[in-house]
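Asks: Chain by chain, the residues run as shown.
There are 2 protein chains.
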Amino acid sequence: MSRSDAIRTLSVALDERSYPIHIGPGLLGRPETLTPYLAGRQVMIVTNETVAPLYLEAFKRGLPEELEVREVVLPDGEHTKTLESVARIWDALLAAGFNRRCTLVALGGGVVGDMTGYAAACYQRGVAFIQVPTTLLSQVDSSVGGKTGVNHPRGKNMIGAFWQPKAVLIDTDTLATLPSRELSAGLAEVIKYGLIRDLDFLAWLEAQMPALRRLDGEVLREAIYRSCAIKAEVVAADETEQGARALLNLGHTFGHAIEAHQGYGAWLHGEAVGTGMLMAAELSRRLGWLSEGDVARVAAVIAAADLPPAAPADMGVEDFLAVMRLDKKNIDARLRLVLLSGLGDACLYDATPPERLEALLADFPRR
Amino acid sequence: MSRSDAIRTLSVALDERSYPIHIGPGLLGRPETLTPYLAGRQVMIVTNETVAPLYLEAFKRGLPEELEVREVVLPDGEHTKTLESVARIWDALLAAGFNRRCTLVALGGGVVGDMTGYAAACYQRGVAFIQVPTTLLSQVDSSVGGKTGVNHPRGKNMIGAFWQPKAVLIDTDTLATLPSRELSAGLAEVIKYGLIRDLDFLAWLEAQMPALRRLDGEVLREAIYRSCAIKAEVVAADETEQGARALLNLGHTFGHAIEAHQGYGAWLHGEAVGTGMLMAAELSRRLGWLSEGDVARVAAVIAAADLPPAAPADMGVEDFLAVMRLDKKNIDARLRLVLLSGLGDACLYDATPPERLEALLADFPRR
Numbered sequence: 001m002s003r004s005d006a007i008r009t010l011s012v013a014l015d016e017r018s019y020p021i022h023i024g025p026g027l028l029g030r031p032e033t034l035t036p037y038l039a040g041r042q043v044m045i046v047t048n049e050t051v052a053p054l055y056l057e058a059f060k061r062g063l064p065e066e067l068e069v070r071e072v073v074l075p076d077g078e079h080t081k082t083l084e085s086v087a088r089i090w091d092a093l094l095a096a097g098f099n100r101r102c103t104l105v106a107l108g109g110g111v112v113g114d115m116t117g118y119a120a121a122c123y124q125r126g127v128a129f130i131q132v133p134t135t136l137l138s139q140v141d142s143s144v145g146g147k148t149g150v151n152h153p154r155g156k157n158m159i160g161a162f163w164q165p166k167a168v169l170i171d172t173d174t175l176a177t178l179p180s181r182e183l184s185a186g187l188a189e190v191i192k193y194g195l196i197r198d199l200d201f202l203a204w205l206e207a208q209m210p211a212l213r214r215l216d217g218e219v220l221r222e223a224i225y226r227s228c229a230i231k232a233e234v235v236a237a238d239e240t241e242q243g244a245r246a247l248l249n250l251g252h253t254f255g256h257a258i259e260a261h262q263g264y265g266a267w268l269h270g271e272a273v274g275t276g277m278l279m280a281a282e283l284s285r286r287l288g289w290l291s292e293g294d295v296a297r298v299a300a301v302i303a304a305a306d307l308p309p310a311a312p313a314d315m316g317v318e319d320f321l322a323v324m325r326l327d328k329k330n331i332d333a334r335l336r337l338v339l340l341s342g343l344g345d346a347c348l349y350d351a352t353p354p355e356r357l358e359a360l361l362a363d364f365p366r367r
Numbered sequence: 368m369s370r371s372d373a374i375r376t377l378s379v380a381l382d383e384r385s386y387p388i389h390i391g392p393g394l395l396g397r398p399e400t401l402t403p404y405l406a407g408r409q410v411m412i413v414t415n416e417t418v419a420p421l422y423l424e425a426f427k428r429g430l431p432e433e434l435e436v437r438e439v440v441l442p443d444g445e446h447t448k449t450l451e452s453v454a455r456i457w458d459a460l461l462a463a464g465f466n467r468r469c470t471l472v473a474l475g476g477g478v479v480g481d482m483t484g485y486a487a488a489c490y491q492r493g494v495a496f497i498q499v500p501t502t503l504l505s506q507v508d509s510s511v512g513g514k515t516g517v518n519h520p521r522g523k524n525m526i527g528a529f530w531q532p533k534a535v536l537i538d539t540d541t542l543a544t545l546p547s548r549e550l551s552a553g554l555a556e557v558i559k560y561g562l563i564r565d566l567d568f569l570a571w572l573e574a575q576m577p578a579l580r581r582l583d584g585e586v587l588r589e590a591i592y593r594s595c596a597i598k599a600e601v602v603a604a605d606e607t608e609q610g611a612r613a614l615l616n617l618g619h620t621f622g623h624a625i626e627a628h629q630g631y632g633a634w635l636h637g638e639a640v641g642t643g644m645l646m647a648a649e650l651s652r653r654l655g656w657l658s659e660g661d662v663a664r665v666a667a668v669i670a671a672a673d674l675p676p677a678a679p680a681d682m683g684v685e686d687f688l689a690v691m692r693l694d695k696k697n698i699d700a701r702l703r704l705v706l707l708s709g710l711g712d713a714c715l716y717d718a719t720p721p722e723r724l725e726a727l728l729a730d731f732p733r734r
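Chains A and B, in that order, give the protein sequences. Reading the first sequence from the start, the letters are residues 1 to 367 in this note's numbering. Reading the second sequence from the start, the letters are residues 368 to 734 in this note's numbering.
Simulated from the structure, these hints should not be mistaken for laboratory data. Hints are supplied without guarantee of correctness; some may be wrong.
As the list claims (entries may be wrong) - Once the Cα atoms are required to be at most 27 Å apart in a straight line, the calculated DSSO-like pairs of lysine-lysine come out as:
#1 K166(A) with K696(B)
#2 K166(A) with K60(A)
#3 K329(A) with K533(B)
#4 K533(B) with K427(B)
To be verified - Have a look at the derived ranges for each label pair, beta carbon to beta carbon:
#5 E318(A) with D458(B): 16 to 26 Å
#6 G263(A) with E399(B): 43 to 53 Å
#7 E600(B) with A203(A): 49 to 59 Å
Beta carbons are placed, not taken as given, at the ideal position from N, Cα and C, and that holds for glycine.
So here's chain A without its partners, still in its complex pose (with noise of 0.2 Å):
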């Protein structure tokens, strides 16, 4: 197979506003995956400074000589996903001069993404932007569905807006320098899709766990690409989140208590999503819906992506609590919940008594 062969895409159906995934590598370097996108001469890459000097010179040169490019390089890290950093985006377009018919291409991972987004959502009321994720996270996830951001230091993501790309453009071959700890926060994502939604993707990412671990590039592009196909599923079918789509949350609420407790940064989101996950199925046994054995399939499947199996040691009861209570899933005081009523099915549950949140988030193994 030669490498252009191996380019797949997808589409994510949402009418005016539908896009392209396109997953393979070489992408980056290839002005015909990028150029139909662009709403005019004007381009801003927003990256950060752990991938620009190693994607960006690669990128730009890619770029057809006639557009007019410019860059802005933000620091790394969940914890500059501020609103400062998307006002420094916003004071770099109109420093340049950007209109309206401007594109801001996200170079980077879920939190370049996500900012890029939020900047492009907002700048002179909404201008074009593309996706091109370089984290694993981000190709599955993050770059796909439109929900862009920022942190706020009471809550995550909870300064945004609804706003999809023009297109998703995920080359596999910045996999090859991921960082083996962001490999794994990436696979919890994945294997997400399979516990939602795809018990036969489930078994399949067991099966293939070691030849993701060691980036397999025909086994990354198919995990790549079945995920990217749930994800874009369930967002066609909700796109604002007012009810399946916030199955894609499974451990989430979870993983956002850890992540916003230990500080943004501390541990990584997939990280924190990975022991929410389990934490989500420890529960959902508890309610009656998984057996002992789903548990511990779980339990394994998280321990071979390499996530990590216990929330941080210096996590109390309430120290969950008090961030749960503001998920934005929550209706009024209700506290709602992604479990999972089977092995490869999630539902949104609203009625957990609350002394039995209070001993799986007291029981739950620490360290």
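With the hints as your guide, set chain B onto chain A.
Replies: Chain B in isolation, oriented as in the chain A frame:
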């Protein structure tokens, strides 16, 4: 006619985002005008230090007791229309633990409305909001149509979103406390509707200007109703300003330059728009589209509304051009201006010869 008979209703037709505009006296104290549009029990009233002493208590007294009502009182003035002020609204929402089913209420003029709308657009990726405009300018223009946002030191309304309210409640009694300078500023936008679209309305305004200036209730309500009807029609046809909606910006490109150069708040927005419309009319005459008599008629109605007939003495040609080049209507490097192809008929024109524009900017009266 009883006071409740005097309430008239228009609709902004935007499919599932359609909403009503209720216009009449005494709306503030009547909960039934507000409650149908609340998303849930949590209500955050956003107002400013000028409006709060006049109407906040009356407004709150009109709310049902079962609601959880909080308030944010911001400083007054266009110079406060910043991202920092909006962040104060977000802080208040998070401190109160408000969720996705909360509703923001903008009680005040255009600055309060634009900031509250933007805060609602981005809080938890979008919550409900209701406009309760208390100035003539916000009643006839900014509260209708979903343009929200804040200023940036480099340009007006550069950061924002299209986000429609659930309802617009125009209590015309609030105009009784409006300073006469702000009344004039509001009349600028009223006159605008006549100039761009409705010559009959312009003639009616010329006749009724003395009644409007002395706050005759019935005449004011008619002016507000006809203005909102035109605005609603234009917005329904072109919500995100891909075309015809830009015509509502007659005088605004010149006006924004005045506002930005003088420092936000030194000139009221409507004052700058008034002068800007006169500049647009004069440029239209020089392009052969209006007669001298037409321009004299525009000048007379602007004068009758007590709006400034001349640009600021300290503004040179380049001061105008520097801001105008960043106008959101421009495409790539081309200036696009709203001009008058005739009285009652506006057009969007991007082929003004630069020397004609510069001559207009050089010749236009200063004081």
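Asks: Hints first: check each against the structure and report whether it holds.
Replies: Do the hints match the structure? See the list:
Proposed proximity of K166(A) and K696(B) is supported: the alpha carbons are some 21 Å apart, at most 27 Å. Distance restraint check for K166(A) and K60(A): the Cα-Cα separation of roughly 19 Å lies within the 27 Å cut-off, and the hinted pair is therefore satisfied. Between K329(A) and K533(B) the CA atoms are separated by roughly 21 Å; this keeps the pair inside 27 Å, and the hint holds. Restraint check for K533(B) and K427(B): the C-alpha separation of about 19 Å stays at or below 27 Å, so the hint holds.
The hint said 16 to 26 Å for the Cβ distance between E318(A) and D458(B), and at roughly 22 Å that hint holds. Restraint check, G263(A) to E399(B): a C-beta distance of roughly 48 Å satisfies the suggested window 43 to 53 Å. Between E600(B) and A203(A) the CB atoms are about 58 Å apart, so this pair conforms to the stated range of 49 to 59 Å.
When each numbered hint is compared with the structure, no violation occurs for any of them.
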